Amino acid sequence: FSFLSDAGGWQIWFFTALAVAISGLLGFWLWRTPRGDWRQAAPYALVIGGAIGNVIDRLIHGHVIDFIQWHWQEHYWPSFNIADSAIVGGAIGIALFGLMNRSEEQGARGK
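Residue 19 in this note's numbering is what sits at position 19 of the sequence shown, and the numbering runs on without skipping anything.
Keep in mind that a hint or two might mislead.
Stated by the list, open to error - Pairwise CB distance ranges, derived in the manner of DEER restraints:
1) Leu99 - Pro34: 16 to 26 Å
2) Phe28 - Ser85: 15 to 25 Å
3) Trp29 - Ser85: 18 to 28 Å
4) Gly24 - Trp70: 31 to 41 Å
5) Gln73 - Pro34: 46 to 56 Å
6) Trp10 - Leu99: 32 to 42 Å
7) Ile82 - Trp38: 16 to 26 Å
8) Trp13 - Arg35: 31 to 41 Å
9) His75 - Pro34: 41 to 51 Å
10) Gln73 - Arg35: 44 to 54 Å
11) Ser85 - Arg32: 17 to 27 Å
12) Trp13 - Pro34: 31 to 41 Å
Honestly, the hints are just simulated from the structure, not real lab data.
All values derive from a computational prediction rather than experimental measurement.
In this text, a Cβ means the ideal position worked out from N, Cα and C, and glycines have one as well.
Could you put together the complete structure from these sequences and hints?
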């Protein structure tokens with residue numbers, strides 16, 4: 001996408017600070033997660049790992065290196081990297097397992 005590629009450099013520090021802050025918050029939630037609750041812990045770990053991977057790219061290269069590109073016939077998906085995949089997978093896991101836990105709690109209250 002080259003989002004903010006011509007912004008002058010401030011975006012590196014903004015997205016680095018944002019990733020560190022979100023990783024810190026998710027790390028705190030991960031720390032408070034009961035041991036053995038992998039359904040809640042794994043998505044947090046994926047998002048944290050992906051965010052840290054992208055931060056490392058930004059600090060070393062000045063931008064995130066996207067090296068995976070998928071296409072089907074003439075249709076191209078935007079380029080991405082493994083860290084992006086971890087973030088998306090973790091975010092989906094947080095949403096799905098959060099909804100599942102909520103419905104389990106409502107089912108337990110209804111009984």
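>> Looking only at beta-carbon atoms, does the pair Gln73, Arg35 fall within the given range of 44 to 54 Å?
In response: Holds, since Gln73 and Arg35 (Cβ atoms, about 48 Å apart) stay within the stated range.
> That 15 to 25 Å hint for Phe28 and Ser85 (C-beta), does it hold up?
Replying inline: holds (24 Å)
> Do Trp13 and Arg35 keep their Cβ atoms within the hinted range of 31 to 41 Å?
Replying inline: With Cβ atoms ~36 Å apart, the hint holds.
> Are Gly24 and Trp70 spaced within 31 to 41 Å by their CB atoms?
Replying inline: With Cβ atoms ~32 Å apart, the hint holds.
>> The hint says 16 to 26 Å between Leu99 and Pro34; measuring C-beta to C-beta, is that right?
In response: holds (19 Å)
> Taking 18 to 28 Å as the hint, is the beta-carbon distance of Trp29 and Ser85 inside that range?
Replying inline: Holds, at about 21 Å.
> Within 16 to 26 Å or not, the Cβ separation of Ile82 and Trp38?
Replying inline: Because 21 Å falls inside the window, the suggested range holds.
> Does the Cβ distance between Gln73 and Pro34 fall inside 46 to 56 Å?
Replying inline: For Gln73 and Pro34 the Cβ distance comes to about 47 Å; the hint holds.
> Measuring from beta carbon to beta carbon, are Ser85 and Arg32 in 17 to 27 Å?
Replying inline: At roughly 26 Å between Cβ atoms, Arg32 and Ser85 fall inside 17 to 27 Å, so the hint holds.
> Regarding His75 and Pro34, is the given constraint of 41 to 51 Å on their beta-carbon distance met?
Replying inline: Given about 44 Å between the Cβ atoms, the range holds.
> Regarding Trp13 and Pro34, is the given constraint of 31 to 41 Å on their beta-carbon distance met?
Replying inline: holds (36 Å)
> Using the C-beta atoms of Trp10 and Leu99, is the stated range 32 to 42 Å upheld?
Replying inline: holds (37 Å)
Violated hints for the displayed structure: none, as all numbered hints are satisfied.
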